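Since chain A is already given, all that's left is putting chain B on it; use the hints.
For reference, the chains in residue letters:
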Amino acid sequence: MTFASFGFICFVILVVLLYFLTPRKYRWISLLVSSYAFFWINSRLLVLILFGTTVITWLTGLWIWSSNKKNSTAEKQQAAELTREELKTLKEKNKKRKRRILILGIILNLGTLVVLKYTNFVFSDIEQIAGAWGGNVSLPRINLLLPIGISFYTLQSIAYLVDIYRNKTEPDRNPGKFMLFMSFFPQIVQGPIARHHQLAHQLYEGHDFDYRRLKFGIQLMLWGWIKKLVIADRLAIPVNEIFNHYGSYSGLLVFLGAAMYGIQVYADFSGGMDIARGVAHILGIELELNFKQPYFSVSIEDFWRRWHITLGGWMRDYIFYPLSLSRPFASLSRKTRKILGPFIGKRLPSFLAMFIVYFLVGLWHGPDWKYILYGVWNGIFIVSGIVLEKAYDTARKKSRVPENSITWKLFQMVRTFILITFGRFFSRALDSGAAIAMIGASFHHWWDLSFLLDGTMTTLGLDQANWNVLLAAILLVLCVDYLHEKGVRIREAISRQWIVFRWLIYIAAVLFILIFGIYGPEYNAASFIYQQF
Amino acid sequence: MKNLLKSVVFLVLLFLAVFAVQRHFKVGTRLCFQSEAGFYEEKRGSLDGVYIGASNVYAFWQPPVAWKNHGIAVLTYSVDALPSSALKAMMIEARKTQPDALYIINLNTFKKTAATSEEMHRVTNYLNPSFNKYSLIWQLADIGNIPPADRLEYYFPIIRFHSRWSELTRNDFLLQTNGRKMGYGSSEYYKKSVNLSKNYLMTESLPEKEPEATEVLLDLLDYIEKNSVKALFVIVPQALKEEYATELNSLKKTVSEHGYPCLDLLNHYEDPGILTKTDFFDKNHTNVHGSMKFTEYLSQYLIEHYQFEDKSRQEGWDEWNSAAEKYTALISPYALPFEIEGKPRKCTMNASGLSVTKTEKQSASVKWKAAKGADGYQIYQKTGSEAWTYLDSVDADTTEYETEVLEQAGQYAYTVVPVLSKKGTIYYGSYTYNGKSITVSK
Chain A
1 MTFASFGFIC FVILVVLLYF LTPRKYRWIS LLVSSYAFFW INSRLLVLIL FGTTVITWLT
61 GLWIWSSNKK NSTAEKQQAA ELTREELKTL KEKNKKRKRR ILILGIILNL GTLVVLKYTN
121 FVFSDIEQIA GAWGGNVSLP RINLLLPIGI SFYTLQSIAY LVDIYRNKTE PDRNPGKFML
181 FMSFFPQIVQ GPIARHHQLA HQLYEGHDFD YRRLKFGIQL MLWGWIKKLV IADRLAIPVN
241 EIFNHYGSYS GLLVFLGAAM YGIQVYADFS GGMDIARGVA HILGIELELN FKQPYFSVSI
301 EDFWRRWHIT LGGWMRDYIF YPLSLSRPFA SLSRKTRKIL GPFIGKRLPS FLAMFIVYFL
361 VGLWHGPDWK YILYGVWNGI FIVSGIVLEK AYDTARKKSR VPENSITWKL FQMVRTFILI
421 TFGRFFSRAL DSGAAIAMIG ASFHHWWDLS FLLDGTMTTL GLDQANWNVL LAAILLVLCV
481 DYLHEKGVRI REAISRQWIV FRWLIYIAAV LFILIFGIYG PEYNAASFIY QQF
Chain B
1001 MKNLLKSVVF LVLLFLAVFA VQRHFKVGTR LCFQSEAGFY EEKRGSLDGV YIGASNVYAF
1061 WQPPVAWKNH GIAVLTYSVD ALPSSALKAM MIEARKTQPD ALYIINLNTF KKTAATSEEM
1121 HRVTNYLNPS FNKYSLIWQL ADIGNIPPAD RLEYYFPIIR FHSRWSELTR NDFLLQTNGR
1181 KMGYGSSEYY KKSVNLSKNY LMTESLPEKE PEATEVLLDL LDYIEKNSVK ALFVIVPQAL
1241 KEEYATELNS LKKTVSEHGY PCLDLLNHYE DPGILTKTDF FDKNHTNVHG SMKFTEYLSQ
1301 YLIEHYQFED KSRQEGWDEW NSAAEKYTAL ISPYALPFEI EGKPRKCTMN ASGLSVTKTE
1361 KQSASVKWKA AKGADGYQIY QKTGSEAWTY LDSVDADTTE YETEVLEQAG QYAYTVVPVL
1421 SKKGTIYYGS YTYNGKSITV SK
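In order, the protein sequences belong to chains A and B.
Heads up: the first sequence at position 467 corresponds to 467 in my numbering, and the numbers run straight through without jumps.
Here my numbering runs 1000 ahead of the position in the second sequence, where the first position is 1.
By construction, these hints were calculated from the structure, which means they are not laboratory data.
The structure displayed is predicted, hence computed values, not measured ones.
Just so you know, not all the hints are guaranteed correct.
Unchecked claim - Pair ranges (Cβ atoms, derived): (1) B/E1208 x A/N120: 51 to 59 Å; (2) A/L289 x B/Y1040: 46 to 54 Å; (3) B/A1114 x A/G52: 41 to 49 Å; (4) B/M1001 x A/R166: 47 to 55 Å; (5) B/P1148 x A/I237: 50 to 58 Å; (6) A/R491 x B/F1019: 25 to 33 Å; (7) B/L1016 x A/C479: 27 to 35 Å; (8) A/R24 x B/A1020: 40 to 48 Å; (9) A/N143 x B/A1114: 32 to 40 Å; (10) A/D208 x B/F1019: 45 to 53 Å; (11) A/T119 x B/F1019: 50 to 58 Å; (12) B/W1138 x A/T119: 44 to 52 Å; (13) B/Y1040 x A/G247: 23 to 31 Å.
Glycine included, C-beta positions come from ideal geometry on N, C-alpha and C.
Just chain A, same shape as in the assembly (with noise of 0.2 Å):
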């Protein structure tokens, strides 16, 4: 049941209705109860792995918490007893008790997902070492379906519990609230990436029905359907056509075709999230927004701050802190500073910490090698971006263009698009060697644009009429990404206008999505000839 279906509709108004009319503090049995359901629906008996994972982080969570209660009731206890050197021996020896125990949920949480995601490749790679040395290893594979968000809800129990350990947020001791907490429906499929003491005590509380929160989640949920329909599943059409059969391509057109699909994952990923908010909204709970316009970046590292933001905070505050602020990565920057001078020095071990972040974002994107290059391709820009910044700030200032203008912000913007894009090349194409391929493929008469007009563009799967429709529908989302860039809540300025403007707006969008989406069961004309019984 994706969100494009009209089972999710269905499923949403059932949920809705469930949830409004049981009495205001059940209410979060009602959603505990829809994502079960929804899960369910979606992965049957896999269900029992979200259980598992939710059961072992919950005992998990509270195990770190009474150790840390303990340890402090009995520091305190003991702190008139104890020199300060026995007292320091103490908490380190309850430090690292803690932390083992934070080490074993995430062992066991992150175990689960990588012995189900990356076996697999792990048990390829190593046939393939062996097989170069003249070894012939052969391996089982695992043959398990993954269950849905795997990926999302693992990273969601880990920040749970190093945050226990932080003692940034308590441990829920009802274990039913906990089982809401780690499978919320709407955000399980593809996020955002949940941080209890900002959702938790959404979900438990019980929200009352707001006719507004209605229309603007509604609204919202529209908003996702033409992202994903109208956007999304039209341009998957050319691109599925580029990077399926790349031998055939080259020039800009190849180039174009890995834009053409950061637009659309941007669409599709975007537009599942506005549903998914739109949902939560609905119910009177917030999620934390997962993109904000990132075509806007000036440099890799705003996109990043842009796309995806969850998983990038989630890297940041769990990945890239933990390591940079680390006393080996401490000491690293000492020995780097006296070898390579004070910038370079200095930065290194963040350097290091951020190519690790970037490893590692790739990696969670799916067990591949071309995953792992995308992700170290966005590592290198963002470090070269950097240790570039003075070089292209000097250049700036030589060519007499200020700062601020809309000059720079363009050549910035189309400088992190075109970087951006040739990333791309790793995450979209069938595997890393057809992405260095299809890359270098796309220098090869880059400058001959004769394939927009000599009817080229028309051989990828969509016709002229199409194409428009395309152009016309990214134009619109610019348009509406510009508005939110400069701080234009669109919603609320659309709801101040007279009734009949709105809704002509609301049933166009409708009309919009029922008219040029692509769903349903094909249409063939040939099919409704009448072929004579």
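Just chain B now, with coordinates in the frame of chain A:
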């Protein structure tokens, strides 16, 4: 309360907008549209009869020709590949506005009971929204084992047809019927003849076990009986396999046992003068020549058995008169005047061996073999794509004819029809349908 009211009003407007837009996207075929949308144009209680069935019906029966020759208004209400399970719903729909008409049911329709997805759309897309329509959708979906979630496209056809947006034409927006009262036309219908005589099977045998379609037929008969519907069943000639031909016999027997007449032209195709060698454009459908014979035959049958009166001179039938004119003009280049007018036929007479050659003086020399039983021949000429016109008559001994000099450049076609005069009535025989042509250049 105010918000609830606003929401309800908005939803109603939204549904109306969706229904208004989706009617331009629907596809059945143009014929389904003509039949279903055209049926709703008829005045309440005006029709003498309604002929229900699949494509056989509109290929065999031409309402504007029956109107032109006899002033009877018997409209077809037919859909391509109509499954028999939909017959009752079609009858219910038709009886909403024509409760007292004679209902002619094509028994050949019982060849199939289930519908494919495309066939379901053809049947239901152009029915007006009603409980009957939505029940029919549910019923056909049940028969076809379509999961409930996949049935939405039949209630909201835009789900299936929305991708047509780039190929919508003026016709899709205007949604006008062609004003021919389901007078059929197609290139095959006008020009094609297939020889079915080798495959044509006539049998009075019954099948070993009762056909599955009997249950559907009994349900329909039950409805007819309970509602006192005037009904006539017809079996049209088709080249059928023995299995199905025997099943039709069984169904015919069931109809008779319930006291309803069944006109079996499968086993008596010669009664209307239909020739299996030349009067079909495929194994299931007559061409224009076969259709003219069938239409005339059934018209006579209906007038004799149901006392339909000639309304052609009454006021208020302008649309039918106009349809007759339009349809006559449409088929005149392909059928001779006596065919369209339903004149008496003796189809065993045939002037075969027709040849037409151009003479040196630019006239046409027409030759043919003598037809047994003929006491004369009529010669017809067609210029280009215009209507056939009568040229001349010659006596029985003549088997060649030379025209006058053909002044204009172009294509000229000729055909010869044997005739027999008997007790003051002229009987027309068979002829070479498309004639033979010559081209004159200047």
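Consistency of the hints with the structure:
| no. | hint | verdict |
| --- | --- | --- |
| 1 | B/E1208 x A/N120: 51 to 59 Å | holds, 58 Å |
| 2 | A/L289 x B/Y1040: 46 to 54 Å | holds, 52 Å |
| 3 | B/A1114 x A/G52: 41 to 49 Å | holds, 46 Å |
| 4 | B/M1001 x A/R166: 47 to 55 Å | holds, 50 Å |
| 5 | B/P1148 x A/I237: 50 to 58 Å | violated, 30 Å |
| 6 | A/R491 x B/F1019: 25 to 33 Å | holds, 27 Å |
| 7 | B/L1016 x A/C479: 27 to 35 Å | holds, 29 Å |
| 8 | A/R24 x B/A1020: 40 to 48 Å | holds, 41 Å |
| 9 | A/N143 x B/A1114: 32 to 40 Å | holds, 38 Å |
| 10 | A/D208 x B/F1019: 45 to 53 Å | violated, 35 Å |
| 11 | A/T119 x B/F1019: 50 to 58 Å | holds, 53 Å |
| 12 | B/W1138 x A/T119: 44 to 52 Å | holds, 48 Å |
| 13 | B/Y1040 x A/G247: 23 to 31 Å | violated, 56 Å |
Checked against the numbered hints given earlier, this structure breaks hints 5, 10 and 13; the rest are met.
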